[in-house]
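Undergrad: For reference, the chains in residue letters:
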Amino acid sequence: MAHSEDEILAGLAEIVNEETGLPTDAVTTDKSFTEDLDIDSLTMMTVVSVAEEKFGVTIPDEEVKNLATVGDAVRYIAQAQS
Amino acid sequence: MTNHVVITGLGVTSPLGGDVASTWEAALAGRSGVNTLEHDWVEQYDAPVRFAGELAVPAAEVLSVPETRRMDPSAQYAVVAAREAWADAGSPELDPTRLATVVASGIGGVWTLLSQWDNYKEKGPRRVSPLTVPMLMPNAPSAQVSMLVGARAGAHTPVSACASGAEAIGYAAQIILSGRADVVLAGGTEAPIHPLPLAAFARMQALSTRNDDPQGASRPYDVTRDGFVMGEGAGIVVLERESHARARGAHIYARIAGFGITSDAADIAAPSPEGQERAMRAALAESELSASDIVHVNAHATSTPVGDMGEAGVIAKVLGDRAAVSATKSMTGHLLGGAGALETIFTVLALRDRKAPPTINVTQPEPDLPIDLVRDVPRDLPAGDVAAFNNGFGFGGHNASLIIASV
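From first to last, the protein sequence lines are chains V and Y. For the first sequence, position 7 (counting from the first letter as 1) is numbered 7 according to the numbering used here, and the numbering increases by one without interruption. For the second sequence, position 217 (counting from the first letter as 1) is numbered 217 according to the numbering used here, and the numbering increases by one without interruption.
Heads up, some of the hints might be wrong.
[To be verified] So, partial list: chain Y residues that the calculated Cβ filter (under 8 Å) puts toward chain V:
| hint | residue |
| --- | --- |
| 1 | R31 |
| 2 | R203 |
| 3 | Q205 |
| 4 | A206 |
| 5 | G320 |
| 6 | R322 |
[What the hints assert, rightly or not] Under 10 Å between C-beta atoms, here's a sample of chain Y residues computed to sit facing chain V:
| hint | residue |
| --- | --- |
| 7 | E61 |
| 8 | S64 |
| 9 | V65 |
| 10 | R70 |
| 11 | K121 |
| 12 | R126 |
| 13 | S129 |
| 14 | P130 |
| 15 | P134 |
| 16 | M204 |
| 17 | R246 |
| 18 | V386 |
To be clear, the hints were calculated from the coordinates, so they are not data collected in a lab. Here a beta-carbon is modelled for each residue, glycine too, at the ideal position from N, C-alpha and C.
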């Protein structure tokens, strides 16, 4: 079953919270993973890995660098699951 | 002497308590931290040994969710103990390039390694966590502790099985004496309570299988002992150059008076009394103390049929029968790479309070036991300038002996 973009955002916020301790309400679509959320590449790979399992999608390693903002990730996951 | 190495902070998480005070109180009361394991995997995998000394306060209760997700339990325990030790030392402000860590592990991140292999088999290679390597590597606890306190003079990890924790503290003292650092966080950690290590140690016939009496299973020097009891946890001490500690007015618990380390070059698993004796004598020689100054020994004494009596003979040979000998693994189980560190802390506290902790479960002591074993209740230790041994011996023929002296 496909998740809505709101559900994906909420799910990503939970993952980021569990991996980094950032509050879920800090994870909004306009935020840059590196610039705003201070997520390093290893943590980003972990977030992606957990998100793949949670949403039943595959995010190829070469795509991860294109996911600059939380919104990019939400849109990618929404399209990948359809 | 201005270059003595002193102990200015203690931290513990153990089967007896989540910190130093609760662990020591339980030890003096002669309580067992060993219990029947309640995990689903015990039945699921038909575990041959169904009890162990699990942490009295689970690490997840005191760490954040990201900390528990990004560190193997072995590193989590080290961080819990290091936080307490560092706070106990007064969280001193100092040059980070003069601060080091030496945190040992016997096995490393075995939970991470095996659970990620499970993930791989069940879900494929993409489900292997990107954090697998930084979590499973045996140096991770030392690295995590170095990040916790900002230690930049070196982060080390001696790996010498069950001698690791004692070896770490000895190395830390040597680092200070070498001039490379003024303060070192040192100790050991282990999180081995997983079906594979339990089965593997059981296959060596090293573990007690007293499944019907977990709390009575660890019984060093008792004629009915049948192996050690696995435990988990960590102990960390803050070691400091004495002049540095005095200059900042730190509380000083005790000093490291001597350290002896030897290898047997004999057998990969069986202990060698000869190597153990050389370690104890080397520590005594370095300390410039005499055997009569030693009032207490925290023995390695794991409750194995062979090991206990070998060590008892060595203690008697080196010290005679005057020292009060305690086998605290009777209460904590055997923390493997964490054991020597936890027991160094017990030794420090025994000197502070002048009370040797009891050895429990010894109902039928070996008839030819050549040492003065402290049984059931604590034993008062003499006043004045005194010292105590802590022994740690490991598979591979590793022998580490520390002498702790009162200040």
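Undergrad: It remains to establish, for every hint, whether it holds in the given structure.
TA: Structure-based check of each hint:
1. R31: Violated. Min distance 35 Å.
2. R203: Violated, about 34 Å.
3. Q205: This interface hint is violated because 41 Å lies over the 8 Å limit.
4. A206: violated (36 Å)
5. G320: Constraint on G320/Y not satisfied, violated at 55 Å.
6. R322: R322/Y check fails; min Cβ-Cβ to chain V is 53 Å, beyond 8 Å.
7. E61: Given a least distance of 16 Å, the restraint on E61/Y is violated.
8. S64: Hint on S64/Y: holds, closest Cβ of chain V at ~5 Å, below 10 Å.
9. V65: holds (5 Å)
10. R70: Hint holds; R70/Y Cβ to chain V Cβ min 7 Å, cut 10 Å.
11. K121: Hint violated; K121/Y Cβ to chain V Cβ min 15 Å, cut 10 Å.
12. R126: Hint holds; R126/Y Cβ to chain V Cβ min 7 Å, cut 10 Å.
13. S129: holds (6 Å)
14. P130: holds (4 Å)
15. P134: Holds, about 7 Å.
16. M204: Violated. Min distance 36 Å.
17. R246: Violated. Min distance 39 Å.
18. V386: violated (46 Å)
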